[in-house]
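All chains should be built: construct the whole structure from the sequences, respecting the hints.
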Amino acid sequence: MVGILLVTHGEIGLALYNSAIHILGKEPSNIDYISINSNIDINSYEKTIQDKLTSLDNGKGVLVMSDMYGATPTNILKKLIYPRKYEVITGINLPMLMQALTSRTLSLDDLIKICLKYGKENIFNVNNDDKNTNTNN
Amino acid sequence: MVKKIFLMLTMMIKTQIQIINKLGLHARPSSKLAELCGQYSSKIWILKDDKKISAKNMIDILMLAVAHKSKITILVEGNDEKEATNQIKKLIMSRFGEEE
Numbered sequence: 001m002v003g004i005l006l007v008t009h010g011e012i013g014l015a016l017y018n019s020a021i022h023i024l025g026k027e028p029s030n031i032d033y034i035s036i037n038s039n040i041d042i043n044s045y046e047k048t049i050q051d052k053l054t055s056l057d058n059g060k061g062v063l064v065m066s067d068m069y070g071a072t073p074t075n076i077l078k079k080l081i082y083p084r085k086y087e088v089i090t091g092i093n094l095p096m097l098m099q100a101l102t103s104r105t106l107s108l109d110d111l112i113k114i115c116l117k118y119g120k121e122n123i124f125n126v127n128n129d130d131k132n133t134n135t136n137n
Numbered sequence: 138m139v140k141k142i143f144l145m146l147t148m149m150i151k152t153q154i155q156i157i158n159k160l161g162l163h164a165r166p167s168s169k170l171a172e173l174c175g176q177y178s179s180k181i182w183i184l185k186d187d188k189k190i191s192a193k194n195m196i197d198i199l200m201l202a203v204a205h206k207s208k209i210t211i212l213v214e215g216n217d218e219k220e221a222t223n224q225i226k227k228l229i230m231s232r233f234g235e236e237e
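Line by line, the protein sequences give chains A and B.
Residue 1 is where the first sequence starts when you use the numbering used here, and the numbers rise one by one after that.
Residue 138 is where the second sequence starts when you use the numbering used here, and the numbers rise one by one after that.
A couple of the hints might just be wrong.
What the hints assert, rightly or not - Among chain B residues calculated to face chain A with C-beta under 10 Å, some are: (1) S167; (2) S168; (3) G175; (4) M195; (5) I196; (6) D197; (7) M200; (8) G234.
Because the hints were derived from the structure by calculation, they are not lab data.
Even glycine gets a Cβ: it sits at the ideal position worked out from N, Cα and C.
Structure representation (structure tokens):
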């Protein structure tokens, strides 16, 4: 099973993780999160992240999800992604995470593809959605 | 030869069913339904309006935006299609464990 690591600003990763538990009705396995806070030395996170990556990797690799490209969490990860045993995708959202957590038998490469697909497809203007007329809540 | 016999014995089961829980197919029911469907080797689809999606993918189920009292059609095809259909009907009729 591919490991999943959430690396985000503040408590975003924790909030997404808790939401996923609520939706799934159980705690998913082989997933962890790291909250990056600006009041803590940035360099100290590299070892924490590396340790968690090692812990999560059971041979299938680890998919890392960050929240925003160009920002500190992703910048820290960019230093750690070689060799490509760990893959980083950014712009995490709840559909992307749920898709990852319900597709755990996929390979790391396939998991990346499906997460990017569903993450992007679930960003749209609900007002322009034709399904909107069919809902009553 | 075995494969041919197998194909002859399976047929698609088509079931129309109403969603009776008040909040419709929101996140938790979609997750439960996808997880249940994922336990079967049969191919399972949900049809609503002009959409046809895999019932094994919770995000695809969510995107159907199935509201309370909506009717959906479940298509199940494979060697465990009867058991899968029965359990799917049971889950939906149980309101996915929700009170109303």
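Against the structure, the hints:
1. Hint on S167 (chain B) holds. Least Cβ distance to chain A is approximately 8 Å, under the 10 Å limit.
2. A least Cβ separation of about 5 Å between S168 (chain B) and chain A falls short of the 10 Å threshold, and the interface hint therefore holds.
3. Given the 10 Å rule on beta carbons, the hint for G175 (chain B) holds: about 8 Å separates it from the nearest Cβ of chain A.
4. The beta carbon of M195 (chain B) is positioned within 10 Å of a beta carbon in chain A (closest approach about 5 Å), and the interface hint is therefore held.
5. Here the hint on I196 (chain B) is kept, as its CB sits about 5 Å from the closest CB of chain A, short of 10 Å.
6. Checking D197 (chain B) against chain A: minimum C-beta separation of about 9 Å stays under 10 Å; hint holds.
7. Contact between M200 (chain B) and chain A, as hinted, is supported at the beta carbon level, the nearest pair being about 8 Å apart and thus within 10 Å.
8. Interface restraint check: G234 (chain B) against chain A, minimum CB-CB distance 9 Å, threshold 10 Å, status holds.
The structure is consistent with each of the numbered hints, conforming to all of them.
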